[in-house]
Each structure stands twice: as structure tokens, then as C-alpha cells.
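S.K.: Residue numbers (the working numbering), protein chains in the order written: chain A, 1 to 207; chain B, 1001 to 1207; chain C, 2001 to 2207; chain D, 3001 to 3207; chain E, 4001 to 4207; chain F, 5001 to 5207; chain G, 6001 to 6207; chain H, 7001 to 7207.
Rather than coming from a laboratory, the hints here were simulated on the basis of the structure. Be a bit skeptical, because a hint or two may be false.
Stated by the list, open to error - List of simulated lysine-lysine pairs, DSBU-like, C-alpha gap at most 30 Å:
{"#": "1", "chain 1": "C", "residue 1": "2032", "chain 2": "C", "residue 2": "2070"}
{"#": "2", "chain 1": "G", "residue 1": "6054", "chain 2": "G", "residue 2": "6070"}
{"#": "3", "chain 1": "G", "residue 1": "6054", "chain 2": "C", "residue 2": "2014"}
{"#": "4", "chain 1": "G", "residue 1": "6014", "chain 2": "C", "residue 2": "2054"}
{"#": "5", "chain 1": "G", "residue 1": "6014", "chain 2": "C", "residue 2": "2041"}
{"#": "6", "chain 1": "A", "residue 1": "41", "chain 2": "A", "residue 2": "28"}
Stated by the list, open to error - From chain H, some residues computed to sit far from chain F (all C-beta separations above 10 Å):
{"#": "7", "residue": "7016"}
{"#": "8", "residue": "7028"}
{"#": "9", "residue": "7045"}
{"#": "10", "residue": "7058"}
{"#": "11", "residue": "7106"}
{"#": "12", "residue": "7120"}
{"#": "13", "residue": "7125"}
{"#": "14", "residue": "7160"}
Backbone N, C-alpha and C define an ideal beta-carbon position, used for all residues, glycine too.
Number of protein chains: 8
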Amino acid sequence: SRQGVSEVIYGAGKTAEQIIGISQSFAKHGQKDILITRLDKEKAEKINSEITLKYYDTANIGIIGSMPEKRVGKIVIATGGTSDIPVAEEAAVTSEMLGNNTMRLYDVGVAGIHRLLAHTDEIMTARVIIAIAGMEGALASVIGGLADCPVIAVPTSVGYGAAFNGLAALLSMLNSCASGVSVVNIDNGFGAAYQASMINHMGGLNE
Amino acid sequence: SRQGVSEVIYGAGKTAEQIIGISQSFAKHGQKDILITRLDKEKAEKINSEITLKYYDTANIGIIGSMPEKRVGKIVIATGGTSDIPVAEEAAVTSEMLGNNTMRLYDVGVAGIHRLLAHTDEIMTARVIIAIAGMEGALASVIGGLADCPVIAVPTSVGYGAAFNGLAALLSMLNSCASGVSVVNIDNGFGAAYQASMINHMGGLNE
Amino acid sequence: SRQGVSEVIYGAGKTAEQIIGISQSFAKHGQKDILITRLDKEKAEKINSEITLKYYDTANIGIIGSMPEKRVGKIVIATGGTSDIPVAEEAAVTSEMLGNNTMRLYDVGVAGIHRLLAHTDEIMTARVIIAIAGMEGALASVIGGLADCPVIAVPTSVGYGAAFNGLAALLSMLNSCASGVSVVNIDNGFGAAYQASMINHMGGLNE
Amino acid sequence: SRQGVSEVIYGAGKTAEQIIGISQSFAKHGQKDILITRLDKEKAEKINSEITLKYYDTANIGIIGSMPEKRVGKIVIATGGTSDIPVAEEAAVTSEMLGNNTMRLYDVGVAGIHRLLAHTDEIMTARVIIAIAGMEGALASVIGGLADCPVIAVPTSVGYGAAFNGLAALLSMLNSCASGVSVVNIDNGFGAAYQASMINHMGGLNE
Amino acid sequence: SRQGVSEVIYGAGKTAEQIIGISQSFAKHGQKDILITRLDKEKAEKINSEITLKYYDTANIGIIGSMPEKRVGKIVIATGGTSDIPVAEEAAVTSEMLGNNTMRLYDVGVAGIHRLLAHTDEIMTARVIIAIAGMEGALASVIGGLADCPVIAVPTSVGYGAAFNGLAALLSMLNSCASGVSVVNIDNGFGAAYQASMINHMGGLNE
Amino acid sequence: SRQGVSEVIYGAGKTAEQIIGISQSFAKHGQKDILITRLDKEKAEKINSEITLKYYDTANIGIIGSMPEKRVGKIVIATGGTSDIPVAEEAAVTSEMLGNNTMRLYDVGVAGIHRLLAHTDEIMTARVIIAIAGMEGALASVIGGLADCPVIAVPTSVGYGAAFNGLAALLSMLNSCASGVSVVNIDNGFGAAYQASMINHMGGLNE
Amino acid sequence: SRQGVSEVIYGAGKTAEQIIGISQSFAKHGQKDILITRLDKEKAEKINSEITLKYYDTANIGIIGSMPEKRVGKIVIATGGTSDIPVAEEAAVTSEMLGNNTMRLYDVGVAGIHRLLAHTDEIMTARVIIAIAGMEGALASVIGGLADCPVIAVPTSVGYGAAFNGLAALLSMLNSCASGVSVVNIDNGFGAAYQASMINHMGGLNE
Amino acid sequence: SRQGVSEVIYGAGKTAEQIIGISQSFAKHGQKDILITRLDKEKAEKINSEITLKYYDTANIGIIGSMPEKRVGKIVIATGGTSDIPVAEEAAVTSEMLGNNTMRLYDVGVAGIHRLLAHTDEIMTARVIIAIAGMEGALASVIGGLADCPVIAVPTSVGYGAAFNGLAALLSMLNSCASGVSVVNIDNGFGAAYQASMINHMGGLNE
Ligand SMILES: Nc1ncnc2c1ncn2[C@@H]1O[C@H](COP(=O)(O)O)[C@@H](O)[C@H]1O
Ligand SMILES: Nc1ncnc2c1ncn2[C@@H]1O[C@H](COP(=O)(O)O)[C@@H](O)[C@H]1O
Ligand SMILES: Nc1ncnc2c1ncn2[C@@H]1O[C@H](COP(=O)(O)O)[C@@H](O)[C@H]1O
Ligand SMILES: Nc1ncnc2c1ncn2[C@@H]1O[C@H](COP(=O)(O)O)[C@@H](O)[C@H]1O
Ligand SMILES: [Mg+2]
Ligand SMILES: [Mg+2]
Ligand SMILES: [Mg+2]
Ligand SMILES: [Mg+2]
Ligand SMILES: [Mg+2]
Ligand SMILES: [Mg+2]
Ligand SMILES: [Mg+2]
Ligand SMILES: [Mg+2]
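Just need the whole structure built from these sequences, with the hints factored in.
M.R.: Structure (C-alpha cells):
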């Protein structure tokens, strides 16, 4: 089990049958809480007819078992626009499943900087921030400049033309002029939340 | 003569002798004010021994004749960092030579958003803004979101690694989520200033 | 409201329901004229059953409320071929909605330069020109060379093979050897028209 | 002051004079410990003739003032090969300057997996790991799979041909099949150490 | 006939009718064992109604005639994940059809290095190894480091975002820091198996 | 001997000694007229001290023996700017050496379309045209539209930023919307002239 | 009319109605022979119900009116594989429609060089050759080396993986080490045939 | 020791002192025959003043100790042009050092296919072939089609313009339409020879 919390299945390219099989084998080994990412609705329903599963539509995530009751610390998940929300929800549901207090801050893109600044408090009190944006990906730099905590940037494939399916945002974020920013793969909300959870769960140095 | 103000020579790849020749031919046709871009110091000195020329070091520009005394309107030239200043000076000297009141706003990059916001007044009173940045190029979006006037973005080749010599900034700026932003070639301070001058000199609709 | 004229919704990736919701909230705030870009016919019809909307087929634009009666200045919109017309219409309808006299000059590509030259008058009397072309994107340079006003170039994804979905035209336009040309994202007719409108509406310097 | 520890100057593209100026202004504001990255030897010597500076050759770093005496936690810095050491030293000196216990694990690339496995203990006891590699960048995935803590991957420009100056390693690391890995810009040892230090310094949740 | 064993048809872009025609012409020339790659199920069934054909579903391969009874040597086919299995099966069925003892070692990706190391015996006794992986493609380097025999690496188009349809894995494998590794085209299981079979069938030097 | 006219040596990457050796061996086989491309001045002088050689400075070409006295037909060589002239001279000297009447039409780029149109006569009477341009490479399309004869386009590496060393011009020319245009490698003046000479020398159909 | 032979319509992105309209307008101007490229079957049938049109299936070409009876000279059209045939037929039908004797030489790719060499006679007697190939595009170089006439190379989008939709073949052909080879856009059979026809129709120098 | 024959040092980026150190440590462990690749002359001389070393100029290789007296089998090393020879010599000296009979077949590029065919005998009797070429890289396909043995292709960075430092040749070779071809990194003569030696040394199946 990863982080003693739940097991993860990457659902893309697996059939409902395969996912059921893997889940049953996890169950046999005593692991009942399972997070399935990149799961479309149709497959979710097939699985649900065999094993009870709660489906998170926007996040494309299915959860077998239950979310942890105890959530700790604070992970803020910010997006530039509304089109980035599916990626953000993948991150948010993952974050909650891994036991983190999770605050959503959606549609605070840099073209309207004052909407973002209105949330300075949330940004300053976060233990980790996940900054999600497509197109020019500037959000990561602005938040990185404001915050004192680690920022994990997620470029999204939102946009058209010279966005090149997330390449523009990816390059932009890798070149962030703010310190304390690292980057995961395009649209990888899960990966960002997984690392953010590791950081949020860090024990203090004297423990 | 372009804009009835001065003639322009693109100095890159031309010898001092060639530039002298072209300048003399301009002079014969009655054009005495000449802007020479992409001119290195050594060539500038050679030319200066034949034709009096004032050299702008950081801008890599030489000027034969004189700057216009009358300057109109207001062009604001902003940069993300100090390394972008050579490109900004190419824009600024061009802008002044073309008869525009020109305000420099350097090193106001988005990683320290409050430094930029401290200049909201200048941004709101500009007729045109030139936003110059390398690395992630986020400056154009933030300024584009704040300002109501046209913004011309100039990506610079500043940065390393995944900056890919200005490609990251270029893509970022082309995907700006702010309206009213257009883009010129990497490091093309001259081109931005030329178009900005056209816009700043626009006659009112009832003239 | 931007430019005191109308509010804009970027329709791509929004459901009809979401667009209706945003429009109703705009209406509540007293903004009745709304431009919705990247809107397909089907969604337009759904919206129309709730809020009266005029749909511009080729432009993929829906308009709630009405076009402004007063139009000022002159924006010329030129295309290289007939396949570029959808992007041009996105620009043209936006331009009209933002209150600009708008002249269409379609299919004047550089492979038949005399068709373009036959329109020299229109080009010389424009306050701003939007040059739209796919494939090799040469139109921007030729018009930029002819005109004395700002030219905003829009590369389109028209073409095949080494057109690479608009990349060839984009690079071509960024490298335009004519002065006074800037560039927006591939297929971004809206963005070009938005900036063109800003420029066309510039007050004179003594106002 | 960042993290209450030291101020940072990015030395690339700044003259010795400029760096002296900035350092003196920091000193005036009471900040005596300054880290200067991307500083070549020649400039370092010039600065040293004005302000005492300790130069770290391989790291290309200069330090004015002193390293912190107290270092906490544990950051492991691993490299695939010996050519990656300059980037690793940039990370290591930064890490030490920011007050972290820092363990170097160099030349443990995946082509000799047993050398890496021999260090399983260090990997399992780290609070954060920085994985630095050029060429195929596989080190990040293997360490990410072994470790339970956050891994920050740094692609380097080491290699030739299809390494494309770090692009191969960058893409490889972004696609890491291990969870808990994020990535910074090519050769950005400083950036990795800065974020690693933030994570290593995390207070426990009950503090 | 290649290698005196069987004839090969590349099925992609050929109609069932064309494949039947080619097969009948091979039959006339005395070649009865035919391997058809990149063959989808539908076409396979059409062909089967004319000529008896055994279809390998996951491999997308059809075989007319029979597999060789005698298989020699040992080719190990390893994959990083389960999504790489279709490519691996294209390699495996080809390998068997060309008369090689073929061992499948699937889902031994480097993020769980101990699963791979558990198979050290198979790796050390192979005459040739085919290493198949998408995403970051690190498998080839790790196996290349462990094994003393030739390793043929096959990047797959598995992954998303910055995997760029196999480009990340391809570059990674070309830059492998292990000696003895060469690479074939993305998803080219057939090509890898064909060369592996050549190597596995090498006569000893004194024959 | 190619075209019964002269032998060609590609000088790049060959030492003066090697070129002398090859030339002497050609001489032994009765071939006295030799064209050496990509030859820098220094090497040319070394060769000249052994074998009489006429050096064409701008073209970077050396010729051993003599130019043909008889020149036929008409090849027009046009460039967009003055920086393209070295490539154009490589083409022009090659064209003359291969026995073609060769007309130079330099600096007729599309940003000043009337300069090009002033030469309509030359364009309409050419048997083949070589169109050479860097930056946006639009010249090929405009000439291709005007002329009725084959046009061979040569992209040059002239430009900066998003010119990407000739890539922008290359893509632009490959996408030319004019019929009758084909393209050679970036800066390949020799290759264009070689094919142009083949075409110019075509016998009529009734010969 | 181009070449006094027939008018051309590029069918991609035009509706059947638009094509009928253009064709009728051509007819009014006395041009009855019309070549329509990139025309799919469905549209062809719609047009045919209004104007008699002969449809060439593999070539995706429709012809209104008739092919010229007189055909002159000799254009050889070679392909590397069978998958390149649609592009080759676009070239071949265009070539015939423009009045050229046209010889098809299909599936003579360089992996079986003797099949190509068996046709040396045809290659040596051609006036122009069109070399069409996908994947590695080596055909152009081999034919260019054998033939003394101009070779026009057409890269095709045939292939998978690192073929990158024709990019590999395109780059390969642009770098051909044989003299006398030029290149057109990926899959542009029409463009190659159009220029080939121009060359094949060249009058002799003494006409 | 690799293959029980000699130890290898990759000299690029190592100082003479470092190489001496490593070599002495190898000597202590009883390994006296050392192959040092990517070694420039200057460093070689420094090393030679400490440890006797034979330097291979064109190959950029230094050898400490001696070449093996016994060489077995047959590796053929072919190049397209003369500029590819440094890479070929890196392969050839490596091959000899690893105990293989090595035959050089240089400058047999496909633009003169008959020069290559004149060597059909050598090609048919090789146990492994290394095909080395820059520019369009077609050599690998032609040799792959002729030969029945494994072919290892090495793209070189020879060429200019759209050769993109070996990218064109690399893509070309990865897409080879011949079976039995695999590819190593650009300019990686060593890597090709290392794998070729493994294959050439294969024991027969009955050993
Ligand atoms: N076609 C378009 N392309 C790019 N940006 C657009 C387009 N249409 C609208 N926009 C921008 O999108 C904004 C509205 O986005 P949203 O808030 O998501 O509806 C507008 O204010 C414009 O800045
Ligand atoms: N999956 C594959 N990928 C690449 N090449 C293949 C594949 N399958 C077969 N081939 C090659 O294609 C040749 C047959 O091509 P064809 O004559 O078009 O059927 C075979 O001899 C192989 O060289
Ligand atoms: N500037 C050039 N660019 C490309 N190819 C060239 C050039 N100059 C000469 N060549 C070709 O190189 C061949 C000579 O190559 P080499 O045998 O290496 O001297 C000539 O026959 C031409 O085909
Ligand atoms: N398959 C093709 N690929 C590229 N260009 C073509 C093709 N077919 C026709 N054309 C060109 O398109 C022109 C007609 O374009 P249009 O006026 O849009 O019908 C012709 O004159 C040709 O130059
Ligand atoms: Mg911060
Ligand atoms: Mg704005
Ligand atoms: Mg102009
Ligand atoms: Mg881990
Ligand atoms: Mg090995
Ligand atoms: Mg023409
Ligand atoms: Mg030839
Ligand atoms: Mg073969």
C-alpha cells in the first residue's frame, strides 16, 4: 500500500474486467480502499455492477471503499480557467483520498490578477499549492512568487493552435522565474496530488 | 521615408562600408535621420569615422542625424527581468527616434507581482504597452489583463534549458489568455516599437 | 464590460447550460449584448430556446442582444484563400460587434498578386488590417509592405503536410520582413479583431 | 530574505560590477549571507577584490557571508554520471547554504543498478531526494520507485546527438512511471535544491 | 522467403482482398507459411473465409499455415507495463513464427525495480532481449546494464502529454547509457523480433 | 562528368590537401574543369599554390579550369534580401559554370512588392527561376504566381529568433500556394542551380 | 487557363455546391476541361448529378470534360511501396490531364534495390521523374543517383511512429545526397505533377 | 571487464588527470587493455606522458595496452560519404579492440548505387554490418535490403540545413523499410561496434 492509505489503479487502457480482477486481488491482500484514475463512466458502471464503486464524474475517478475520515494539513488547488477543472478535480479527489484537507480555487487566471490576489490569504496559509493552467501557464509563476510553500505546476492540454496540446504551458512552467516551483506531466493531476500529499504529510524535523 | 520620420537600416550582416554607402545614398535623397539597428560597437566606430553617428550601447543602435524634438503620446516598455534590457532598449531608442514619449518600466516580472502592481498608474495611462520577457513570458498576460490599451509582446531569448532560445516565451505569449495582446518575433524590440509607434500616432476618428 | 460595448464568452468546452447561466448572470448585471465565440450550431440552438440568440454560421459565433448601430473607422480583413473564411468571419463578426466599420477582402492570396493589388485603395485607406492566411502565410508580408497602418496577422490551420496545422504560417508571419506586423495565435480571429478594434478606436493625440 | 536564510543572485548575464552593487544594497538592508549562482571564476575574483567571497568551483557558486552552522533533516542528491556533477554541486551548495543536511550520491546511474541499490539505506532515510541525470534520465524513475519521499528530478544537458541538450532527459523525467516525482528545468540544480529545502524544512502537522 | 521460414505481409493499409491475393501468389510459389502483421480482426475474418488463418488478437497478427515446430535459442521479451503488451505480442508471435524459443516477461517496469531483479536469471540466460516500454523508456537502460547479450529496445506510443506518442521513450532509449542497446521504430514489435531472430539464429564462429 | 560540363567537389569538411588530391585525380581522367563549393578563402589559397584556381569570394566557390564560353537559355536568380546573396552567388556561379545564361535579381523581397513587379519582364522570359529567401520565404509564392516556368525555391538560414535557422522559410516554401514550385535544402544554392541547369538544358520534344 | 490545358480546383474544404458553382463559372469562360483534386467519392457523385464528371477513385480526382488526346514526352512516376499509390495516382492522373506520357513504376522501394534496377531503362529514358515514398524516403536519392534528368521528390505520410506523418521522409528527401532532386509538400502528388509537366513541356533551346 | 576483452572510458568531459586516475585504478585490478573514446589529441598527449597510449587520430580514440591478436568473424563498416569517416573509425577501432575482423567500406553512398553494389560480396559474407550515414541516411535501408545479417545503423551529424545535426538521418533510419535494421544514437560509432561485437561473437546454438 502506498502511504498506508489506498491503492491506485491507472484505468486508461485497462478493461472493466481487468480492473475488477486487480481490485479483487487487492481486496484479498487486505487493501479495500482503491483509487482508479482515468476511468470513463461506462467502465465505471460495469465495475459498479460487480464491486460497489463511487464515481467522480468531472475527475474521471472511481473509488472503491471509502475516503479517509481524517484529513490533515492544507493543499490548495488553483486553476487558470474553467476548462482546467477536470484536471483539477483529478488532483482534488486524489488529494482527499490520500487524507489531505483540500481547498479548490478555480478560475483565478492571471489575465484577471485581482481575482487571484483576492485569495492571498488562502495562498499564504497553504502547506502546498497545485497550480493548474493551460494556454500560457503563467499562473504557476505568479503563485510561486506570492507563496512561501512548494508549488507543483500542472500544465493542461487546454487551448488551441500554438498551445500545441499543453506544450506551451509545459515549457512556460519549466521556465518559471519564481523559486519553489516544480512541474509534472501535462494533465497529470494525479501525479501532482500524490507528491503534494507526500509533502503535506511531512513530519516535523523533531519528530 | 517611413512615417516621415527617419529611415531604418537593419545592420546585422552588413559591413560598415555597406552601411556607409546606404546612408550616403539616403542623404542624397534628402533623408538625414537614420536609425541603424543590430549594430555592434566596432562597426559603429568605423562608420563614425566617416559619418557622425551617436551609438546607443545597450540598444545596439546607431543614429545618424538627430532624434526628433517633438515626442507625442505615451508608450510604456516593460520587462520581466534585467537580462531583457538590451531588447527593451532596442525598442525604447526606436520608439524615441520615431517621436514617441517613452516610459521604461524594467524588471517588473510576475514572480514579484507587487512590484508590477505598484506601477498600475503608468500601465493605465499608456496608449500602447510593449511587454518584453524571456523564460516563461507571463508578463504579457498579466499586463494584458490589467491594461485597456493594445499590448505588443516581445519574447526574448533570455533563459536556458527548456527556454529553447525564446521558444517557451514565444508560445506562452501567443497563448495569452488576455485579450488585446499580439506578438512579434523573438528579441524583435525594433518591430514592436515600430508598430507601437504606428498605434500611438493614430489620428482620432473625427480628424 | 470591455470597451463599453459587449461581454465575451469563449464557448469552446462550455455546455449550453453553462453558457445560459453565464449569460443570465451578465444580464442581471445590466449587460445585454453578449458575443459568444467558438459556438457550434447545436449548442446555439439549445441556448436559443432559452434566450434569443442570433447565430453566425461560418463565424461559429452567437450574439445575444444586438450589434451596435454606430460603427466607426475602418478595419480591413483580408484572407489568402477561401478556406480561411471561417477564421475571417470570426474576426469580422467580432469587429462589427465591437463597433467597427469592417471590410471583407477574401481570397486575395499572394499566388495571384494582381488580385491583391487591385484592392490597393482599400488597403491604403484602412486604419488597421487583419491579414489571415494558412499554408505559407505570405499575405501578411505583402500587405505589411503595401500598407502604412498596423497589420495584425492571423495564421490559420488550413493546409496539409508540412503546414503542420498552422505552424508554417505562424513562423512565416513572425518572421515577416515588413515592418508594422504583429501576430496572434493560430486561428485566433477573435483576438485579432479585439486588438484591431482597440487600435481603430484610438483617440487622436490632442483629444 | 527567502526562508530567513540567505539572499540569492542569479549571476548569469550580470557583470561583476552589477553583482557588487546588488550585494552592497543587500548588506545595507541587513542581509549579509548571499548566494550567487551561475558565477564564473573570473567574475568571482573581481567581486572578491571588493567583497570577501568564497567560490565553489564545480558548482559555479559564490557565497558572501557564511554558510549556516545549523543544518537539519536530510536531502540526498544523486547523479547518474560524473558529467552531471556540476549541476549536482549547484544543488548541493545551495542546499547547504539553505541549512539542510546534504548527502551526495554521485555516479549511481541505472546502467549499473547494483551500485544504486547498494545505497538503498540512504535513499530510504532521505526526507527529499534530488535525482540528476542527462542522456536518458532513467535515474528519476528508479529512485522514485524505491523511495517513499518526494523526488525532484533535474534533467541535465549532458549527452550528445539525440540527447538534444537535455530534451531527452526532460521528457523522460516528465513521463516517469513512478509516483512522487516532479521536474525542474534542464540543469536547474538551484531550483531543485530550493524546493527541496522548502520540503525538508516543513514543520510537522501538529506544530 | 526470408530466413527460409515464412513470408511476411504488412497488413496496414491493405484490403482483405489484396492480402488474399498476395497470399495466394505466395502459395503458388510454394510458400505456405505467412505472417500478416497489423491486421485487424474484421479483415482477419474476411481472409479466413477464403484461406484458413489463425488470428492472434492482442498481437494483431494473422498466420496462414503453421508455426514452426522447432524453436531454438532464447529470446526474452520484457515490457515496462501492461499497456505495452500489444506491441510485445507482435514481437512474441513474430519471434515464435521465426522459430525462436520466446519468453515473455511482462510488466517489469523500473518503478518497481525488484520485480525486474527477481527475473535476473532469465535475463542472464537470454541470447537476445527485446525491451519494450513507453513513457520514459528507462527499462532498456536497466536491462542493458544487467545483461551481457544484445538488447533491442522498442519505444511504445503508450502514455500521454509529454510522452508525445512515443517520442519521449524513443529519445530515452537512443540515449541509453548502457552498452549493447539498439533501437527500432516506435511500436515496431515486428522489427525488433525480426532482428532478434537473426541474432538468436547466428551460427557459432567455427561452424 | 555530370552534364558533360564539369566535375563537382563539395569542399566542406575536406582539407586543402584532400581537394588537391581529388582534383589531380580528376585531371588524370581528363576532366579539367572543376567546381569546388563551400570552399573558404584560406583553403582556396592553399590549393591555388598548387593548382591554378579562381576564387569567387561571396559564393565560396573555387573553379579550376575555366567557365564554359557558350551559355544557353535563361535562369533568373532572385533573392528577397541582401543577406541572401551568398547563397544566390553559390547558385549563380554554379549556373554559369554549367553553361547557363544567368540573370541576377537581388533584393526584390515581397515587403516591397513593386520592386519585384518592376522586373515582371525578366520573370516572364525566364526558362527557370531560382527564388531565394530567408525569414518568411514568401518570395517563392509571389514569383510562383507570376511566372509560368518552373520555380526552384531555396530557403536560407538568414534571420533570427523564430526563423529557426531557415526552418520558417523552408516550411513556408513547401506550403507555397502557387503551382510549379519545388524546394531544395536550406542554403543549397548549388543544388537549386544544378536542377535549374538540367531544366534549362532540356531538349525540345521534337528533337 | 494554366498551360492552356485545363483548369484546376482544389476540392478539399469545398462543398459539392461550391465546386459546381466554380465549374459552371469556368464553363461560361470557355474552359470545359477541369481537374478537381482532393475530391472524395460522395462529393463526386453529388457533382456528377449536375455536371458529368469522371471520378478516379484511388487518385481522389474528378475530371469534368476530357483528358487531352495528345500526350508528349515521358514522365516516370515511381513509388517505394503500395501504400504510396494514392499519392502517385494523384500525380499520374494530373500528369495525364496536363498532356504528358506517364509511366507508373510502383512498389520499387530501396529495400529491394534489384526490383528498382530492373527498371533502369525506364529511368534513363524519362524526361522527368517523380519519386514518391514515405517512411525513410530513400527512393529519391537512389533514383536521383541513377537518373540524369530532374527528379521531383514527394514525401508521403505513409508510416507510423517516428515517420511523424511524413516528416521523416520530407527531411530525408531535402537532404538527398544526389544532385538534381527537389522536393514538394508531403502527399502533394498534384504539385509534383504540375511542375513535372512544365519541365516535360520545355521547348528546346533553339525553338 | 566487458566481454573479457578490454575496459572502456568515455573521454568526453573528463580531464586528462581523471582519465589517468581511472586507468591506473583499472591497472591495479588487473585490467591493462583500455579503450578511451571521444579523446582529443591534446588530452591524449598529456595522458601519454604518464601512461603509454596509442592514439587513433581520425577515430578520436586512445588505447592503453594492446589490441587483441586474435580477431574473429566479420564486421563490415560502411559509410555513405567521406565526412562520415570519423564516426566510422570510432566504430572500426572499437570493433578491432573487441576482437573482430573488421572490413571498412567507405564512401559507398546510395547516390552512386553501383559503387555499393560492386561490394555485394563483402555485404553478403558479413556476420554483422554497421551502416553509417548522415544527410538522408538512405544507406541503412539499401544495405538492409541486400544483406541477410543484422544491420546496425548509425546516423551522423554530417550535413547542413534540414539535416538538423543528424535528426534527418536518425528518423530516416528508424523508418527503414528493410527488416533487420536497428539504430543507435547520432554519431555513436562506439555503441554500434559494441553491439555488433556482441552479435559477431555469438556462440552457435549447439555449443
Ligand atoms: N476565439 C477566441 N480565442 C481566444 N480567446 C477568446 C476567444 N473568444 C473569447 N476569448 C477570450 O476568452 C474570454 C472569455 O473567456 P471565458 O471567461 O472562459 O468565457 C474573453 O474575454 C476573451 O478574452
Ligand atoms: N509491423 C511492421 N512494422 C514495420 N515493418 C513491417 C511490419 N510488418 C511487416 N513489415 C515489413 O514489411 C514487409 C512487407 O511489406 P509489404 O510488401 O508491404 O507487405 C516485411 O517484409 C517487413 O519488412
Ligand atoms: N553546396 C552543396 N550542397 C549540397 N550538395 C553539394 C554541394 N556542393 C556539391 N554537392 C554535391 O556533392 C557532390 C560531391 O561530393 P563529394 O564527393 O563529397 O565531393 C557533388 O556531386 C554534388 O552532388
Ligand atoms: N492536391 C493539391 N495540393 C496542393 N495544391 C493543389 C492541389 N490541387 C490543386 N491545388 C492548387 O490549388 C489551386 C486551386 O485552388 P482553389 O482556387 O482554392 O480551387 C490550383 O490552381 C492549384 O494551384
Ligand atoms: Mg514562492
Ligand atoms: Mg487588456
Ligand atoms: Mg507597412
Ligand atoms: Mg516513490
Ligand atoms: Mg549489457
Ligand atoms: Mg507559376
Ligand atoms: Mg541524377
Ligand atoms: Mg536484410
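S.K.: If a hint holds in the structure, say so; if it does not, say that too.
M.R.: Results for each hint:
1. C:2032 to C:2070: Holds: residue 2032 (chain C) and residue 2070 (chain C) sit about 17 Å apart, inside 30 Å.
2. G:6054 to G:6070: Holds: residue 6054 (chain G) and residue 6070 (chain G) sit about 19 Å apart, inside 30 Å.
3. G:6054 to C:2014: Not satisfied, since the Cα-Cα distance of roughly 45 Å exceeds 30 Å.
4. G:6014 to C:2054: Measuring from Cα to Cα gives roughly 25 Å; hence the hint holds.
5. G:6014 to C:2041: Answer holds: residue 6014 (chain G) to residue 2041 (chain C) is near 19 Å, not above 30 Å.
6. A:41 to A:28: Holds, at roughly 26 Å.
7. 7016: holds (27 Å)
8. 7028: Consistent with the label, residue 7028 (chain H) stays out of reach of chain F, its closest Cβ about 42 Å off (over 10 Å).
9. 7045: holds (21 Å)
10. 7058: Given a closest Cβ separation of 12 Å, the condition holds.
11. 7106: holds (13 Å)
12. 7120: Given a closest Cβ separation of 25 Å, the condition holds.
13. 7125: Given a closest Cβ separation of 30 Å, the condition holds.
14. 7160: Per Cβ check, residue 7160 (chain H) is inside 10 Å of chain F; nearest 6 Å; violated.
Against the hints set out earlier in the document, violations occur for numbers 3 and 14.
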